[in-house]
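*Asks:* Produce the complete structure using the sequences and hints provided.
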Amino acid sequence: MKTILVVDDEPDVRDVVRMILEKKGYRVITAVDGDDCLNILHEENPDLILLDIMMPGTPVKDVVEKIENIKIAFFSVVRTSEAEKRDLLKQKNIVDFIQKPFDVNDLIKRMEVILNE
Amino acid sequence: MNKIEIKKELDNSQAAIVLVPNIEYDDVIVEMAKQLSGKKICYVTLNKTYDALKELLKFNNVDVKNIIFIDGITRNVKNSADIGDCHFVDSPVNVTELSKNLSALLKQDFDYLVFDSLTNLFTYQGKSSVEHFVQTLMNTLEERGCRGVFFALKKAKSDIYNPVIEIRKSDIFEQRDDLPSGGLDILDSRISEGIAIIDLMEDKPK
Numbered sequence: 001m002k003t004i005l006v007v008d009d010e011p012d013v014r015d016v017v018r019m020i021l022e023k024k025g026y027r028v029i030t031a032v033d034g035d036d037c038l039n040i041l042h043e044e045n046p047d048l049i050l051l052d053i054m055m056p057g058t059p060v061k062d063v064v065e066k067i068e069n070i071k072i073a074f075f076s077v078v079r080t081s082e083a084e085k086r087d088l089l090k091q092k093n094i095v096d097f098i099q100k101p102f103d104v105n106d107l108i109k110r111m112e113v114i115l116n117e
Numbered sequence: 001m002n003k004i005e006i007k008k009e010l011d012n013s014q015a016a017i018v019l020v021p022n023i024e025y026d027d028v029i030v031e032m033a034k035q036l037s038g039k040k041i042c043y044v045t046l047n048k049t050y051d052a053l054k055e056l057l058k059f060n061n062v063d064v065k066n067i068i069f070i071d072g073i074t075r076n077v078k079n080s081a082d083i084g085d086c087h088f089v090d091s092p093v094n095v096t097e098l099s100k101n102l103s104a105l106l107k108q109d110f111d112y113l114v115f116d117s118l119t120n121l122f123t124y125q126g127k128s129s130v131e132h133f134v135q136t137l138m139n140t141l142e143e144r145g146c147r148g149v150f151f152a153l154k155k156a157k158s159d160i161y162n163p164v165i166e167i168r169k170s171d172i173f174e175q176r177d178d179l180p181s182g183g184l185d186i187l188d189s190r191i192s193e194g195i196a197i198i199d200l201m202e203d204k205p206k
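Top line first, the protein sequences correspond to chains A and B. Just so we're aligned: the first sequence equals residues 1 to 117 in the working numbering. Just so we're aligned: the second sequence equals residues 1 to 206 in the working numbering.
Don't read these hints as lab results, they were simulated from the structure. There could be a bad hint or two in this list.
With the C-beta cut set under 7 Å, the calculated list includes, among others, these residues of chain B facing chain A [as the list claims (entries may be wrong)]:
(1) 52
(2) 93
(3) 97
(4) 123
(5) 124
(6) 140
Keep in mind the model is a prediction, meaning the values are calculated, not measured. For every residue, glycine included, the Cβ atom is placed at its ideal position computed from N, Cα and C.
*Replies:* So this is what it looks like as structure tokens:
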């Protein structure tokens with residue numbers, strides 16, 4: 001079973017995404033911010049991290065720097081330009097940029113593609 | 001959506017909080033920027049990156065040459081050095097730093113400060129910090145003779161019935177126990193003195 005770590009400071013987002021992905025057969029663990037995510041990674045080795053880019057605590061770029069060999073999909077309510085998205089996708093381990101609000105079917109499809117690569 | 005004339009609204013108030021329904025957000029910020037263009041504007045963005053915001057404004061033919069941007073998002077995801085019309089600041093985890101940056105920048109005699117948005121600031125700060133931040137900023141605006149426009153999200157009733165399940169930040173904002181709903185009462189009444197509240201979903205008498 002593939003494991004996805006959902007990192008988002010909004011409890012509702014964590015709960016809804018967990019519910020959606022668990023229904024599709026994924027094991028889902030959650031973290032409340034970047035620091036919590038890094039702590040969890042001492043004990044867990046998820047296949048993918050779904051990482052909100054606007055959270056309190058350590059800036060996301062510093063969190064990403066500390067993550068080794070795990071795919072990361074940015075998950076963002078913040079709007080970026082297409083050029084910025086392309087730039088972000090060039091960063092180490094970043095495999096996708098998912099814009100909130102998201103469509104459930106699109107999220108599931110993207111998870112399948114990323115985790116089957 | 002109610003059409004407002006922001007300059008007129010600000011004739012009698014130091015600042016205005018504009019409550020914007022989520023689905024009309026981009027239209028409203030573009031319209032406000034259009035109405036204020038030609039004047040010297042300091043635009044603080046915590047909602048879109050500088051690139052995305054400038055792209056949106058230019059696409060909608062808003063003259064951006066008199067706008068100086070403060071981007072509190074981009075540095076969260078990548079290293080960015082200041083450029084001609086944009087100062088990149090760290091995300092407002094430390095709101096005091098944002099306050100200091102704004103006070104320094106507002107010495108440049110801006111006509112308007114646009115703050116986009118209070119809702120995003122709540123991602124990083126609790127109610128009392130936001131209140132203190134707005135109070136300090138209001139004092140600075142008054143000293144400088146600058147008018148302020150603060151955007152905040154307001155949930156549309158129709159969102160509830162949207163058949164496509166979507167996560168809307170505004171819904172979540174309203175559902176959190178520690179945050180009051182709607183944005184209207186996000187500020188202590190002491191602070192809201194001198195601030196006009198403009199609710200774009202409220203029916204106006206014809």
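*Asks:* With reference to the structure, classify each hint as holding or not holding.
*Replies:* Structure-based check of all given hints:
1. Using the Cβ-Cβ criterion of 7 Å, the hint placing residue 52(B) at the interface with chain A is satisfied: the shortest such distance is roughly 4 Å.
2. With 7 Å as the threshold, the beta carbon of residue 93(B) comes within range of chain A, its nearest partner Cβ sitting at about 6 Å, so the hint holds.
3. At its closest, the beta carbon of residue 97(B) sits 13 Å from a beta carbon of chain A; the interface hint therefore is violated under the 7 Å criterion.
4. The beta carbon of residue 123(B) is positioned within 7 Å of a beta carbon in chain A (closest approach about 6 Å), and the interface hint is therefore held.
5. A cut of 7 Å between beta carbons decides the hint on residue 124(B): the least distance to chain A is about 5 Å, and the hint holds.
6. Annotation: interface hint on residue 140(B) violated; nearest CB of chain A at approximately 24 Å, more than 7 Å.
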